[in-house]
Amino acid sequence: MASDTLTSSARTDAEITGLDALEIAGRDKEVSRGARIWAATWPKLAALAIAVGIWQAVVWTGWKDPWALPGPGPVFADLADYFLSQALWDGLATTARRAVIGFAAAVAVGLLLGLGVSRSKVLRAAIGSMITALQTMPSIAWFPLAILLFELSEQAIFFVVVLGAAPSIANGVIHGVDYVPPLLQRAGRNLGARGLNLYRYVIAPAALPAIVAGLKQGWAFAWRSLMAGELLVVIAARTSIGAQLTYARDFSDAERLMAIMIVILVVGLLVDTAFGAADKAIRRRWGVLDQAGQ
Amino acid sequence: MTSTTTTPQSATTAVALSGVTKVYGRGANAVLALDGVSLNVAPGEFVCLVGASGCGKSTLLNLVAGLDRVSGGQITLAGDANPGLMFQEPALFPWLTVDANVEVPLKLRRLPRAQRRERVAELLRTVHLADFGRKRPHELSGGMRQRVALARTLALDTPVLLMDEPFGALDAMTRDILHDELERIWSERKLSVLFVTHNVREAARLADRIILLSSRPGRIIYSTEVNIPRPRRIDSPEVAAIAAEVTERLRTEVGRHGQ
Numbered sequence: 000m001a002s003d004t005l006t007s008s009a010r011t012d013a014e015i016t017g018l019d020a021l022e023i024a025g026r027d028k029e030v031s032r033g034a035r036i037w038a039a040t041w042p043k044l045a046a047l048a049i050a051v052g053i054w055q056a057v058v059w060t061g062w063k064d065p066w067a068l069p070g071p072g073p074v075f076a077d078l079a080d081y082f083l084s085q086a087l088w089d090g091l092a093t094t095a096r097r098a099v100i101g102f103a104a105a106v107a108v109g110l111l112l113g114l115g116v117s118r119s120k121v122l123r124a125a126i127g128s129m130i131t132a133l134q135t136m137p138s139i140a141w142f143p144l145a146i147l148l149f150e151l152s153e154q155a156i157f158f159v160v161v162l163g164a165a166p167s168i169a170n171g172v173i174h175g176v177d178y179v180p181p182l183l184q185r186a187g188r189n190l191g192a193r194g195l196n197l198y199r200y201v202i203a204p205a206a207l208p209a210i211v212a213g214l215k216q217g218w219a220f221a222w223r224s225l226m227a228g229e230l231l232v233v234i235a236a237r238t239s240i241g242a243q244l245t246y247a248r249d250f251s252d253a254e255r256l257m258a259i260m261i262v263i264l265v266v267g268l269l270v271d272t273a274f275g276a277a278d279k280a281i282r283r284r285w286g287v288l289d290q291a292g293q
Numbered sequence: 000m001t002s003t004t005t006t007p008q009s010a011t012t013a014v015a016l017s018g019v020t021k022v023y024g025r026g027a028n029a030v031l032a033l034d035g036v037s038l039n040v041a042p043g044e045f046v047c048l049v050g051a052s053g054c055g056k057s058t059l060l061n062l063v064a065g066l067d068r069v070s071g072g073q074i075t076l077a078g079d080a081n082p083g084l085m086f087q088e089p090a091l092f093p094w095l096t097v098d099a100n101v102e103v104p105l106k107l108r109r110l111p112r113a114q115r116r117e118r119v120a121e122l123l124r125t126v127h128l129a130d131f132g133r134k135r136p137h138e139l140s141g142g143m144r145q146r147v148a149l150a151r152t153l154a155l156d157t158p159v160l161l162m163d164e165p166f167g168a169l170d171a172m173t174r175d176i177l178h179d180e181l182e183r184i185w186s187e188r189k190l191s192v193l194f195v196t197h198n199v200r201e202a203a204r205l206a207d208r209i210i211l212l213s214s215r216p217g218r219i220i221y222s223t224e225v226n227i228p229r230p231r232r233i234d235s236p237e238v239a240a241i242a243a244e245v246t247e248r249l250r251t252e253v254g255r256h257g258q
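Chains as they are written, first to last, in numbering that gives the first Met the number 0: chain B, 0 to 293; chain L, 0 to 258.
Please note that the accuracy of each hint is not assured.
[Unchecked claim] In silico negatives: residues of chain L with every beta carbon more than 12 Å from chain B:
id : residue
1  : Phe92
2  : Val126
3  : Ser140
4  : Gly254
[To be verified] Where chain L lies over chain B, by a calculated footprint (3+ residues, C-beta under 8 Å):
id : segment
5  : 10 to 22
6  : 77 to 91
7  : 188 to 196
8  : 273 to 286
Simulated from the structure, these hints should not be mistaken for laboratory data.
Even for Gly, the Cβ is constructed at its ideal location relative to N, Cα and C.
Model the full assembly from the supplied sequences, consistent with the hints where possible.
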């Protein structure tokens, strides 16, 4: 009987290992890193080439005079000059500092607000729908009030940046916490995670993808609000990127104007790409990406 | 509303339910899910709860697990054990590796790091997944995920295991193998198991005792000891005979609702 049990359990072991091997087989697909990067890059390069081509075509039609709409050639030449000038880096430093402070404040406000609303029924009833309503308010419409309150100062800019970005971040948190699968919460509670530990071990990590999506959207709002603010609230001592854009228009320097616009676009894109990469890394870890066939 | 004052001695009873009642909702919308369910699970006993839809099987397990409160009656666990609960879905944390999933209950119990590692390795060996600790749940098959969930539940070091149709979503072959696995782990660790299923054959394959619940409200209507020697096979005539008997009772119960 004893030896019988032994052989039967040895057989079960072999069966389990065999079944596992069969079910796991063919799940690991390796694509080389270079091929992956190229596959992601060439469509972007092609799109860029087409956009520049259309721009050049419009310029060649003579629709506008060159001092109003310069072609890609002069603009990229000016961009190269601009790249080597102190003005760009000083401006970027000022703008980046504001972006970091403003976005950090927006993240703090957004996280607190989101957690508060997701936890408290009263708060949800009171301001839950207002948060979304706030998102639809164009940030530039806040500036008259901000300038009244804080005059032409950095505080006015931060005020609008936070108002622009915090609702998106809060919404990300609320959405994330609301959609934590109840099954995972029950499993977590059964494993001994209660109270704060439930947040630490289950709710926060489960809500992370939605929170990152909220941060990504919040960044887009923050960057837009910041640029609007820098155009309106020009502080002479600090020539931010936005202020330089205003000056370029004042001096009818169309090449510089478009060069600055390219810089603004690229900075926004770079940060957005960073958030996108974080989002993708999370989804890959979770195995959500595999299902999408990517 | 009954309430007992006797506490079961840990030597004779691992889980004791006496007159457990559960009502959902209030007033006119109130639904009686469980009606006076009394049942004892002895230490080391494997009890299967069988019933058709709406018999409150899952409700019962939630109550025993302490995830929900009884409306009446009392549930007592020997030594105030915190029972482990397994679901039809593995409910693994997708953001953690297999190792880290099994480690969660150990972390929550504040075991030191070295000890945690040792326990995780031991538990994964128990469920034959020693080589898969670094994988993520989505890289595993359904049966493997369910075994990780079992290892994670065992990490609670609890004498009582509650299982809510844990193999319901698996194919027959995998299920058969997992029956063998569960039986081995149950007897090695001398666990008390309360196992909910709608699969009568599965109950006959695994249980020391089968308890049949009626539907709407859930009441115990039949109970039978299964004295087939172990290890059993699901396709043995003895298991089939017990299953036929229970199925007959179950059909009578279901038919009652069609009238």
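Verification of the supplied hints:
1. Phe92: Label violated. Min Cβ-Cβ 7 Å, cutoff 12 Å.
2. Val126: Contrary to the label, Val126 (chain L) does not stay out of reach of chain B, its closest Cβ about 9 Å off (not over 12 Å).
3. Ser140: violated (4 Å)
4. Gly254: holds (33 Å)
5. 10 to 22: As far as the segment 10 to 22 of chain B goes, the hint holds, because 8 residues have Cβ atoms under 8 Å from chain L.
6. 77 to 91: It is violated, with 0 qualifying residues against the three required.
7. 188 to 196: holds (count 6)
8. 273 to 286: With 4 residues close enough to chain L, the hint holds.
The earlier numbered hints that this structure contradicts are 1, 2, 3 and 6.
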